[in-house]
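Each chain sits in its own coordinate frame; assemble them with the hints.
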Amino acid sequence: MKMVALRINGKTFEAESGSSLGGVIHSSAAAFRQSVTLSQPRGIYCGMGVCFECTVMVDGRPARACITPVKEGMSVETQL
Amino acid sequence: MTAGALECDVLVVGAGPAGMAAAAAASEVGADVVCLDLFSNPGGQFHMRPVTSGGPFDSTSQVAEGRLAERRCRERGVRFLEQTEVFWAEPGFTTFASQANDPVAIRSTALVVATGAMERALPFKGWTLPGVMTAGAAQRLIKTSNAPPGRHVMLAGSGPFLLAVANTFGTAGQKLEYYVEMQRFRLAALSLLLANPGRLKEAAKLLAGVRRSGAKILTGHQVVEAMGSRQLEAVRVAPLDETGKPITEKSKIIENVDALCVGYGFRPIVDVTSVLDASHHFDDTLGGWVCSVDEQQATSVVGLFAAGETTGIGGAVCARLSGRISGLNAAAITGRYGRRHELELLGRRLKGARSFAAGLARIFPFPGHLVEQLGDDEIICRCEDVKMREIGAAISDGASDVFGVKMWTRAGMGACQGRICGTALSEIVARRMDRPVSDAGYNRPHMPLRPVSLSTADLALGLVSETEET
Numbered sequence: 001m002k003m004v005a006l007r008i009n010g011k012t013f014e015a016e017s018g019s020s021l022g023g024v025i026h027s028s029a030a031a032f033r034q035s036v037t038l039s040q041p042r043g044i045y046c047g048m049g050v051c052f053e054c055t056v057m058v059d060g061r062p063a064r065a066c067i068t069p070v071k072e073g074m075s076v077e078t079q080l
Numbered sequence: 001m002t003a004g005a006l007e008c009d010v011l012v013v014g015a016g017p018a019g020m021a022a023a024a025a026a027s028e029v030g031a032d033v034v035c036l037d038l039f040s041n042p043g044g045q046f047h048m049r050p051v052t053s054g055g056p057f058d059s060t061s062q063v064a065e066g067r068l069a070e071r072r073c074r075e076r077g078v079r080f081l082e083q084t085e086v087f088w089a090e091p092g093f094t095t096f097a098s099q100a101n102d103p104v105a106i107r108s109t110a111l112v113v114a115t116g117a118m119e120r121a122l123p124f125k126g127w128t129l130p131g132v133m134t135a136g137a138a139q140r141l142i143k144t145s146n147a148p149p150g151r152h153v154m155l156a157g158s159g160p161f162l163l164a165v166a167n168t169f170g171t172a173g174q175k176l177e178y179y180v181e182m183q184r185f186r187l188a189a190l191s192l193l194l195a196n197p198g199r200l201k202e203a204a205k206l207l208a209g210v211r212r213s214g215a216k217i218l219t220g221h222q223v224v225e226a227m228g229s230r231q232l233e234a235v236r237v238a239p240l241d242e243t244g245k246p247i248t249e250k251s252k253i254i255e256n257v258d259a260l261c262v263g264y265g266f267r268p269i270v271d272v273t274s275v276l277d278a279s280h281h282f283d284d285t286l287g288g289w290v291c292s293v294d295e296q297q298a299t300s301v302v303g304l305f306a307a308g309e310t311t312g313i314g315g316a317v318c319a320r321l322s323g324r325i326s327g328l329n330a331a332a333i334t335g336r337y338g339r340r341h342e343l344e345l346l347g348r349r350l351k352g353a354r355s356f357a358a359g360l361a362r363i364f365p366f367p368g369h370l371v372e373q374l375g376d377d378e379i380i381c382r383c384e385d386v387k388m389r390e391i392g393a394a395i396s397d398g399a400s401d402v403f404g405v406k407m408w409t410r411a412g413m414g415a416c417q418g419r420i421c422g423t424a425l426s427e428i429v430a431r432r433m434d435r436p437v438s439d440a441g442y443n444r445p446h447m448p449l450r451p452v453s454l455s456t457a458d459l460a461l462g463l464v465s466e467t468e469e470t
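So the protein sequences, as listed, match chains S and G. Counting in the working numbering, the first sequence runs from 1 upward without gaps. Counting in the working numbering, the second sequence runs from 1 upward without gaps.
Bound conformation, chain G alone (with noise of 0.2 Å):
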């Protein structure tokens, strides 16, 4: 649906598992919902829509259980707006959007923030070489338009998400040359399935579909460089010690690679939260910084409600489960009740499924210390072209945390606004100053949150003054 000025009970921002569980959940006590996303259908990343109706992604359960969940939604009288982004949101609440570049502003007694996460990005040298993206930029290509990343794709990194992309390649029969993990499975791997059975079919249906790739698996090896001129042409992959650092003298360059997709694990999009003031706080296991919530998903701020990967990364389970707690919490400050052992109910489950992560989390560390390696000529910041030298001069002039190296280089000033570089940029900062990572702080989100014509600006931001003068 299209919207202009809009009021509701209850506004959720993302309709991926976390949103979609949360406007169920607030609509079934009789709140009235919108729900925002950016994307063309509800989903999120999770439940995305395959562009060809009937080909091999279609039946798959994970797009079946969102559109069922979309039908929940929608039966219960959830408004969607697709392709909206929040660029602003205001106390109270009013949360200013583009869609599709037309001007929205909604107004709502509470607020559930699901915006889910982004890839944790980390740079390395020739990361900016088209023909090198993110894990889930391949997975997206494939999805959304049916178009292999490249003929002849590495797939690299760490993490649980490299099995689900490469079995994205298995679904739609293309081919996946190489996986390179950096963790060797381990047998704490195998302890955490058999404390928790019921992800056991999961495990083994993931594994299972990386063989059937035909990829030649490398694990504890690690991508120290992305080779060619004008776009990607070859990688070098190096094993690694004990202690985790590549041996570069056992290092091998692996020609012909058109297509290097790597990823680390994602962190949570605060942006929202962060504007509205909410308490945040860093955990490395859960993604980096968190909006924190309590057992309610009650943000620090009254009537403002977070769920999902926002509040740390835990998959698709602790999405949904978190969302629906959120939902009907914020359906309850508009005066809407749902039945209180649900609550404790869904409050056990959650705390369940978090552990899981959790374990998932200790067997694939976030390699932080990948920032060691880069030289002094790597770009760190993709937008402004911003090198290692000139955020390493910055530090020894004086710049003391992730903002302070912003204002001497323009790290993370560019379209993106750290949002990519962000990761990186305080991991370096932490490092060279010897101090943990969450001392090093992170870039305050500014108006507007996203790139949005002043035109549209402007009408959204009239469109609630309009409403104030009537």
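Isolated chain S, as found in the complex (with noise of 0.2 Å):
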């Protein structure tokens, strides 16, 4: 098992190489994005790329946290 290390929103996580960057979050936060109109809470609903819900900055760029792997050294940012 390989682990490596990112930071979400300037924090430093550990997770297994290649697990889902969804999986990361949600463990530590259900709720981590916001609605486009009414700012309500949103976390996972689809889990498969097809929702976008759970959209997150990965590097500087936007990304679905669900079918995105985890890599060593990824700085991700969180709306909530």
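Check each hint, because a few of them may be wrong.
[Unchecked claim] Coverage of chain G stretches by chain S, computed from C-beta distances (three or more under 8 Å per stretch; other residues unrestricted): (1) 33 to 47; (2) 413 to 424.
[Said to hold, decoys possible] Cross-link-like lysine-lysine pairs, in silico, DSSO-like; alpha carbons within 30 Å at most: (3) G:125 to G:245; (4) G:216 to G:175; (5) G:245 to G:387; (6) G:175 to S:71; (7) G:125 to G:250; (8) G:125 to G:387; (9) G:125 to G:252; (10) G:175 to S:11; (11) S:2 to G:175.
Read the hints as simulated data drawn from the structure, not as lab findings. Even for Gly, the Cβ is constructed at its ideal location relative to N, Cα and C.
Here it is as structure tokens:
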């Protein structure tokens, strides 16, 4: 088992290499995004890249957390 | 592998059971095949590979079969493109994709679309609360990150997939507290299995897995509300009367639930076949709108084939058989022929597998009527926060189909392009207008099929004009 370190909102997390970023974020906070119009809290919904509810910034680009494998040194920003 | 501009005889979109069967079959008879897929590994959702090697999922037959299918493809020279998502396709065929933000353009003589299925989602009170997710999401969290969906989990909805998800919890050693199924297990289930004895063992294993999970099982019940302030805290469930309506006065609140995983079955993903103008039709028992195919798995567009869930929800057995048929016929377009008697045999087996799937669909009918329970304040389109009130007003003002509602309200215009709310929208429109669901229409896909950065799209489209000039 190979572990990697990544930063989520400036905090360091350890996770197994290749595991889904969505799982890492969800395990620490179910609510991590805001909806577009009503700013409601949102989290993982479809888990397979269809709904875009888990969109976060990964190294400065938007990405769906649920289909993004974690990598060493990855820098992640969530809305909430 | 990484791409750029590629050419091949047969391009297969999707590397699930159907896509890999198609790729293997076409390459066996000598076609040059490229197979692309959105995820990090071939296998689709069915053969989804666990992160941990040596973990509880590593030794399951589903994972082993996926690895074997991939190896067979690679031995025959199939080129796989992982983490690659199609955002446009043109007749002839040129398929444009983004491979983790890098541009890809692939020209092929034949195209096989095996893009699989997604959850046939239905809104209910409180469904946007964090902690509420699809049943498939729960399964993916466990398999792709060893992360349980929550500490106190309820699995709810209807259909055989819930049994599979409950088993995933069991295999992972994760706790599942409640299992809520709308149907009561009926004699019909037993008679279907007796008519298909080959499936008895599989069914017995699934049922034993649910019992082993230790979950409290409620059949003939429905989730009527997800409750919580900023995330899920409790769930209200109600028993159903003989007509399938929840008995509100008998509903009860189950406290201390932080993950509610809901599934009502699947719908085919048909965006690539739609943009290429293939014929589609509506069949409730096949998951809604499906790509129409003939016995060769050929669509109405010459050279375009479809296989697996794209042609109607039927599970992995149908996917593998229809995938192989589509691969052999796609290769034939490029002048490479397989043995005719194999196609005949595959066709007969596919018919049998389809009839089993149709039997299951009759036991677990899609509960589209649940949209009748939605109050005015419920959000239907999660992307654009469009509420039931606005959709009702649009229909009263003259919107007469899903497209009209989208123009009026923005429902279906957000990042997911109506993939999540589309099922509910068509059920709502049909019921308010007292017309069949097929009359409500569906959102035509537009460029780009999936969000892609302008620079990636521009570069991908440029890859083709460069080849044309040289």
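Going through the hints against the structure:
Coverage of the region 33 to 47 of chain G by chain S holds. Counting CB-CB distances below 8 Å, 4 residues qualify, and the rule asks for three or more. For the region 413 to 424 of chain G, the stated coverage by chain S is satisfied: 5 residues place a CB nearer than 8 Å to a CB of that chain, which reaches the threshold of 3. For the suggested pair residue 125 (chain G) and residue 245 (chain G), the alpha carbons sit about 15 Å apart, so the restraint of at most 30 Å is met. This hinted pair checks out: residue 216 (chain G) and residue 175 (chain G) have alpha carbons roughly 11 Å apart, not beyond 30 Å.
Restraint check for residue 245 (chain G) and residue 387 (chain G): the C-alpha separation of about 23 Å stays at or below 30 Å, so the hint holds. Restraint check: the Cα-Cα separation between residue 175 (chain G) and residue 71 (chain S) comes to about 29 Å, which is no more than 30 Å; the hinted pair holds. Between residue 125 (chain G) and residue 250 (chain G) the alpha-carbon distance is near 17 Å, which keeps this suggested pair within the 30 Å criterion. At most 30 Å may separate the alpha-carbon atoms for a hinted pair to count; residue 125 (chain G) and residue 387 (chain G) meet this at roughly 11 Å.
Restraint check for residue 125 (chain G) and residue 252 (chain G): the C-alpha separation of about 15 Å stays at or below 30 Å, so the hint holds. Of the supplied pair hints, the one linking residue 175 (chain G) and residue 11 (chain S) holds, its CA atoms being roughly 29 Å apart against a limit of 30 Å. With a C-alpha separation of about 26 Å, the suggested pair residue 2 (chain S) and residue 175 (chain G) falls inside the 30 Å cut-off, and the hint holds.
The structure agrees with every numbered hint stated previously.
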